[in-house]
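Going line by line, the protein sequences match chains G and B.
Counting along the first sequence from 1, when you hit position 33 you're at 33 in the numbering used here, and nothing is skipped either side.
Counting along the second sequence from 1, when you hit position 63 you're at 63 in the numbering used here, and nothing is skipped either side.
These are calculated hints, taken from the structure and not from any lab test.
Remember, predicted model here, so these are calculated numbers, not experimental data.
Warning: the hint list may mix true and false statements.
Result set (DSS-like, lysine-lysine): computed pairs, CA atoms no more than 27 Å apart in a straight line [stated by the list, open to error]:
(1) B:Lys56 / B:Lys99
(2) B:Lys26 / B:Lys69
(3) G:Lys13 / G:Lys57
(4) B:Lys56 / G:Lys57
(5) B:Lys26 / B:Lys99
(6) B:Lys104 / G:Lys57
(7) B:Lys26 / G:Lys57
(8) B:Lys56 / B:Lys104
(9) B:Lys70 / B:Lys56
(10) B:Lys70 / G:Lys13
(11) B:Lys70 / B:Lys104
(12) B:Lys26 / B:Lys56
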Amino acid sequence: KAGVTQTPRYLIKTRGQQVTLSCSPISGHRSVSWYQQTPGQGLQFLFEYFSETQRNKGNFPGRFSGRQFSNSRSEMNVSTLELGDSALYLCASSSSGGTSGKGSSYEQYFGPGTRLTVT
Amino acid sequence: SQQGEEDPQALSIQEGENATMNCSYKTSINNLQWYRQNSGRGLVHLILIRSNEREKHSGRLRVTLDTSKKSSSLLITASRAADTASYFCATSSGGSNYKLTFGKGTLLTVNP
Chain G
1 KAGVTQTPRY LIKTRGQQVT LSCSPISGHR SVSWYQQTPG QGLQFLFEYF
51 SETQRNKGNF PGRFSGRQFS NSRSEMNVST LELGDSALYL CASSSSGGTS
101 GKGSSYEQYF GPGTRLTVT
Chain B
1 SQQGEEDPQA LSIQEGENAT MNCSYKTSIN NLQWYRQNSG RGLVHLILIR
51 SNEREKHSGR LRVTLDTSKK SSSLLITASR AADTASYFCA TSSGGSNYKL
101 TFGKGTLLTV NP
């Protein structure tokens with residue numbers, strides 16, 4: 001099986017711009033999560049999507065948003081970029097079985113990340 | 001906020017030695033996972049231990065969990081230079097098994 005893929009791998013943006021990052025999960029995985037990694041704050045959870053619905057949300061401002069498509073691919077968007085948004089953005093997929101938990105496996109498989117630099 | 005805190009922050013050993021990393025957390029958990037990250041790349045899942053388990057093995061890895069002390073340890077036996085990486089513990093709690101809270105990690109350096 002192909003792993004989690006993220007595009008683009010590197011991105012340079014200017015303050016005030018917006019950016020969209022893309023993630024394709026492992027085939028068959030329906031849960032997609034996003035994390036931000038910075039040297040100062042470490043790894044922080046942004047949100048998780050399952051079956052096109054946001055199921056969990058972290059403590060990030062509304063400038064950070066996401067969505068999931070019917071094929072489980074996910075995008076995250078950051079509007080009005082700030083210098084502090086410079087980070088490695090990681091996407092992870094998991095084989096969640098939904099509310100019943102049937103078929104769920106809680107291990108998360110991460111993509112290589114998108115390194116965003118805001119200047 | 002960080003749920004897990006790894007100890008030590010950095011560890012340097014010789015090839016062939018064992019490496020032990022510890023993780024402490026603050027609240028009750030559903031499960032605890034360990035991940036490895038090589039130099040700013042994506043994370044690789046190593047092992048998951050559920051809250052009702054005390055010990056788990058996978059190859060050269062051994063994980064223990066002490067829920068009374070809210071702590072876990074990861075032991076890597078017979079370390080190799082290729083084990084050089086950052087190691088993170090991550091916990092999930094409540095109804096959110098897919099919302100992981102990570103510690104700040106231990107940077108392990110294995111010298112040839």
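Here is what the structure says about each hint:
Note on lysine 56 of chain B and lysine 99 of chain B: the hinted pairing holds, with a Cα-Cα distance of about 22 Å set against a maximum of 27 Å. For the proposed pair lysine 26 of chain B and lysine 69 of chain B, the alpha carbon gap of about 9 Å is at most 27 Å, so the pair holds. Between the alpha carbons of lysine 13 of chain G and lysine 57 of chain G the distance comes to roughly 25 Å, so the proposed pair stays at or under 27 Å and holds. Using a Cα cut-off of 27 Å, the hinted pair lysine 56 of chain B and lysine 57 of chain G is violated, with the two alpha carbons roughly 30 Å apart.
Under the criterion of a C-alpha separation no larger than 27 Å, the hint pairing lysine 26 of chain B with lysine 99 of chain B is consistent with the structure, at around 16 Å. Simply put, lysine 104 of chain B and lysine 57 of chain G have alpha-carbon atoms about 20 Å apart, close enough for the 27 Å limit, and the pair holds. Straight-line distance between C-alpha atoms of lysine 26 of chain B and lysine 57 of chain G comes to about 20 Å, which keeps the hinted pair within the 27 Å bound. At most 27 Å may separate the alpha-carbon atoms for a hinted pair to count; lysine 56 of chain B and lysine 104 of chain B meet this at roughly 23 Å.
Using a Cα cut-off of 27 Å, the hinted pair lysine 70 of chain B and lysine 56 of chain B holds, with the two alpha carbons roughly 16 Å apart. Taking the CA atoms of lysine 70 of chain B and lysine 13 of chain G, the gap is near 41 Å; set against the 27 Å cutoff, the hint is violated. Taking the CA atoms of lysine 70 of chain B and lysine 104 of chain B, the gap is near 16 Å; set against the 27 Å cutoff, the hint holds. About 21 Å separates the Cα atoms of lysine 26 of chain B and lysine 56 of chain B, which keeps this hinted pair within 27 Å; it holds.
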